[in-house]
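Spelled out, the chains give:
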Amino acid sequence: MFNIKPKNWKFLAAGLLIISLAGCHARPDEKQLDEWKNLEGPGEMKPGAGLFSGQDGELTLYDSKKGGLLQKKEETEAAKPSAEKTAQTNTAAGAAAATTAGTSGSAQEFQEFQEYQQWKKEKQEFHTYQEWKKSAEDSPDFKEFQEYQQWQKSAKGSSDFKEFQEYQEWKKSGRSSADYKEFREWKEFKAYQEWKKSQGQ
Amino acid sequence: MLRIKIHKILIGLALATASMMIVAPAYAIDFAISGQVNRATLYADDGKSAKWFFVDNNNSSTRFRFRGSNDFEGGWKVGFLWEVEMKSNSSDQVSMSDDSDLGPVNFNERHMDVWIEKWGTLRLGQGDTATNGTSEVDLSGTDVAAYSSVSDVGGSFEFRDGNNKTGITVGNSRSNFDGLSRKDRIRYDTPRWAGFFASGSVEGNSEWDVAARYAGDFGWARFAAAAGWADYGTSSDSNDGTRDGNFSSSASMLFDFGLNLTASYAFRKQDSTDPWNLFGKIGYKFLKKHAASIQYSRTQNLSAKDDKGDTFGIGYVFSPWESVEFYGTYYLFMLDRDEGSNPDDINIFMAGVRVKF
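Chains as they are written, first to last, in the working numbering: chain A, 5 to 205; chain B, 230 to 586.
Treat the hints with caution; some may be incorrect.
Here are some, though not all, of the chain B residues that point toward chain A, as calculated from beta-carbon distances under 7 angstroms [said to hold, decoys possible]:
#1 E365
#2 Y376
#3 V584
No more than 27 angstroms apart at the CA atoms, straight line, and that leaves these computed lysine-lysine pairs for DSS-like [claimed, not checked]:
#4 K534(B) with K14(A)
#5 K127(A) with K147(A)
#6 K517(B) with K41(A)
#7 K518(B) with K41(A)
#8 K191(A) with K69(A)
#9 K517(B) with K35(A)
#10 K69(A) with K306(B)
#11 K194(A) with K137(A)
#12 K137(A) with K191(A)
#13 K412(B) with K35(A)
#14 K137(A) with K124(A)
#15 K347(B) with K69(A)
#16 K498(B) with K537(B)
#17 K41(A) with K347(B)
#18 K41(A) with K306(B)
#19 K200(A) with K124(A)
#20 K41(A) with K412(B)
#21 K201(A) with K125(A)
#22 K125(A) with K191(A)
#23 K14(A) with K498(B)
#24 K138(A) with K200(A)
#25 K347(B) with K35(A)
#26 K35(A) with K306(B)
#27 K537(B) with K14(A)
#28 K191(A) with K201(A)
#29 K194(A) with K69(A)
#30 K138(A) with K191(A)
#31 K306(B) with K347(B)
#32 K35(A) with K518(B)
#33 K69(A) with K127(A)
#34 K394(B) with K534(B)
Keep in mind that the hints were calculated from the coordinates and are not lab data.
Where a beta carbon is used, it is the ideal one built from N, C-alpha and C, also for glycine.
Pulled out of the complex, with its shape left as it was, chain A reads as follows (with noise of 0.2 angstroms):
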């Protein structure tokens, strides 16, 4: 019926066998998917980690994620309050002791697994601020705490547009799946813990 020469037969069984592998249970290979697409291999540019880029591999000029032209990511860092700071100080010494320890990926898992705790951390006080705000509605310390809100607004020269901007940034960093009004009293959360800390000044 079909009339294949012979030597075509090595590239059919070439085939087979590449199908079949693949049918073996084979998850795609990303790593080298991605090498090809980033044409990098034999004869192309070396994959991987350069010697000032890092484990980016590349010196970035201009990212938008991280901040702009020529902003390094350290810098953007800089600019963070300082409460931040002293918040990740425990993440940034880990993740050195790791990486001294050890290799930059495990640095990296280390931050990670910092991170996450850090998430879960921030997740339990929001649920104990849910409790608190459920059973406090009427009290004088939800009082004052309504009042603050109503002053930092007014400080600082609150609008609806600023507050739909922010909440444009807060659903690009990821939260897409949460609605509006988790949204508003994730918001709330924030000024109470900024209260707390006034409080406590």
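Using the hints, position chain B against chain A.
Just chain B now, with coordinates in the frame of chain A:
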């Protein structure tokens, strides 16, 4: 001339950066620079004389690249890639008749590409054709030292028969027939599906090529393979219609305990001769920072019908840090001619370092 080129590059970059910042993006923009320097010492012995050279390793030459991309609303992504190489004493150009320094050094275009990604990727400009790299899939980790394109190191050394020159070099007696290399073209890559994707590109003068690639991870081993067909059309590759096209293929498997196997098979459809190349490599990655391999390849019918260009190679790579690779290479180039006496073998040793910055 060089200064004008540098000015053009800088102006182009400034325009590209400005346009990316002025045009309001929906999402992320990024613009980055990367590159590598790959220098080596090379010792060659053609049976008559021996000489040292300081070369740029053409297995993966010295170069730098600019890359930028912009994500737009609706899942569209647009970007560019601009890669330029600069080789001083390229390892495939040096020969016994050369001085220690091979003339002027110029920028050489590799990629000047604009791409659009949505349903797959469309690339327009100078860059890889669909078949480029289909003979060169290699997971051994020693490709900077030695891989299927053996004439990238010592390609211009000429075989000698005693005092007589044969007129046949390493480069014109062996090839891995790796598709159409890089050209001005339009290329389309399909989206990935279960580790597969296909590509097609069209160049000038009715030249075109198609290729398919696969990369899978079995947990106990990684496997990658590629194959493609290139049709020369009426381009210069067709050599006035005496060559139709070429088939190229390769596959590589890396087991999790370090052993790796690589093979490549390719041939060119050509009047009366149909030259072909078969390549095999066994390698071992050990202690996380070391990789070693042994390879053998044969190209038949390239320099003349029934001529055999055999190559034995050893490669070793030591990567003390991820961005730095020290390597050593040994090649034994042999030529078995169908007519006339067989010339002397050519021995080449190369040691160098590749640094990505």
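Hints, verified against the model:
Of the supplied interface hints, the one on E365(B) holds, with its beta-carbon coming within about 4 angstroms of a beta-carbon of chain A, less than 7 angstroms. Satisfaction of the interface hint for Y376(B) is found here, the shortest Cβ-Cβ separation to chain A being roughly 5 angstroms, below the 7 angstroms cut-off. Given the 7 angstroms rule on beta carbons, the hint for V584(B) holds: about 6 angstroms separates it from the nearest Cβ of chain A. Only pairs whose Cα atoms come within 27 angstroms are accepted, and K534(B) paired with K14(A) is accepted, the gap being roughly 23 angstroms.
A distance of roughly 24 angstroms separates the Cα atoms of K127(A) and K147(A); the hinted pair therefore holds under the 27 angstroms criterion. Distance check on the hinted pair: K517(B) and K41(A) sit about 25 angstroms apart at the alpha-carbon level, within 27 angstroms; holds. Distance check on the hinted pair: K518(B) and K41(A) sit about 25 angstroms apart at the alpha-carbon level, within 27 angstroms; holds. About 22 angstroms separates the Cα atoms of K191(A) and K69(A), which keeps this hinted pair within 27 angstroms; it holds.
A distance of roughly 17 angstroms separates the Cα atoms of K517(B) and K35(A); the hinted pair therefore holds under the 27 angstroms criterion. Between K69(A) and K306(B), the direct Cα distance comes to roughly 16 angstroms. Compliance with the 27 angstroms bound is thereby established for this hinted pair. Simply put, K194(A) and K137(A) have alpha-carbon atoms about 13 angstroms apart, close enough for the 27 angstroms limit, and the pair holds. Note on K137(A) and K191(A): the hinted pairing holds, with a Cα-Cα distance of about 14 angstroms set against a maximum of 27 angstroms.
Taking the CA atoms of K412(B) and K35(A), the gap is near 26 angstroms; set against the 27 angstroms cutoff, the hint holds. Among the hinted pairs, K137(A) with K124(A) is consistent with the structure: their alpha-carbon atoms are about 20 angstroms apart, no more than 27 angstroms. Straight-line distance between C-alpha atoms of K347(B) and K69(A) comes to about 21 angstroms, which keeps the hinted pair within the 27 angstroms bound. Distance restraint check for K498(B) and K537(B): the Cα-Cα separation of roughly 17 angstroms lies within the 27 angstroms cut-off, and the hinted pair is therefore satisfied.
Taking the CA atoms of K41(A) and K347(B), the gap is near 14 angstroms; set against the 27 angstroms cutoff, the hint holds. A threshold of 27 angstroms between alpha carbons decides the hint, and for K41(A) with K306(B) the separation of about 14 angstroms falls inside it, so the pair holds. Between K200(A) and K124(A) the CA atoms are separated by roughly 20 angstroms; this keeps the pair inside 27 angstroms, and the hint holds. Of the supplied pair hints, the one linking K41(A) and K412(B) holds, its CA atoms being roughly 17 angstroms apart against a limit of 27 angstroms.
Annotation: proposed proximity of K201(A) to K125(A) holds, straight-line Cα distance about 17 angstroms (limit 27 angstroms). Annotation: proposed proximity of K125(A) to K191(A) holds, straight-line Cα distance about 17 angstroms (limit 27 angstroms). Our distance criterion of 27 angstroms between C-alpha atoms is met by K14(A) and K498(B), whose separation comes to about 16 angstroms. Between the alpha carbons of K138(A) and K200(A) the distance comes to roughly 17 angstroms, so the proposed pair stays at or under 27 angstroms and holds.
Restraint check for K347(B) and K35(A): the C-alpha separation of about 20 angstroms stays at or below 27 angstroms, so the hint holds. Of the supplied pair hints, the one linking K35(A) and K306(B) holds, its CA atoms being roughly 20 angstroms apart against a limit of 27 angstroms. As the CA atoms of K537(B) and K14(A) are separated by approximately 22 angstroms, the hinted pair is consistent with the 27 angstroms bound. Under the criterion of a C-alpha separation no larger than 27 angstroms, the hint pairing K191(A) with K201(A) is consistent with the structure, at around 15 angstroms.
Taken as a hint, the K194(A) and K69(A) pair is honoured in the structure, with Cα atoms around 23 angstroms apart against an allowance of 27 angstroms. Restraint check for K138(A) and K191(A): satisfied, since their Cα atoms lie roughly 16 angstroms apart, inside the 27 angstroms limit. Using a Cα cut-off of 27 angstroms, the hinted pair K306(B) and K347(B) holds, with the two alpha carbons roughly 7 angstroms apart. Restraint check for K35(A) and K518(B): the C-alpha separation of about 18 angstroms stays at or below 27 angstroms, so the hint holds.
Under the criterion of a C-alpha separation no larger than 27 angstroms, the hint pairing K69(A) with K127(A) is consistent with the structure, at around 25 angstroms. This hinted pair checks out: K394(B) and K534(B) have alpha carbons roughly 19 angstroms apart, not beyond 27 angstroms.
Consistency note: the structure conflicts with none of the earlier hints.
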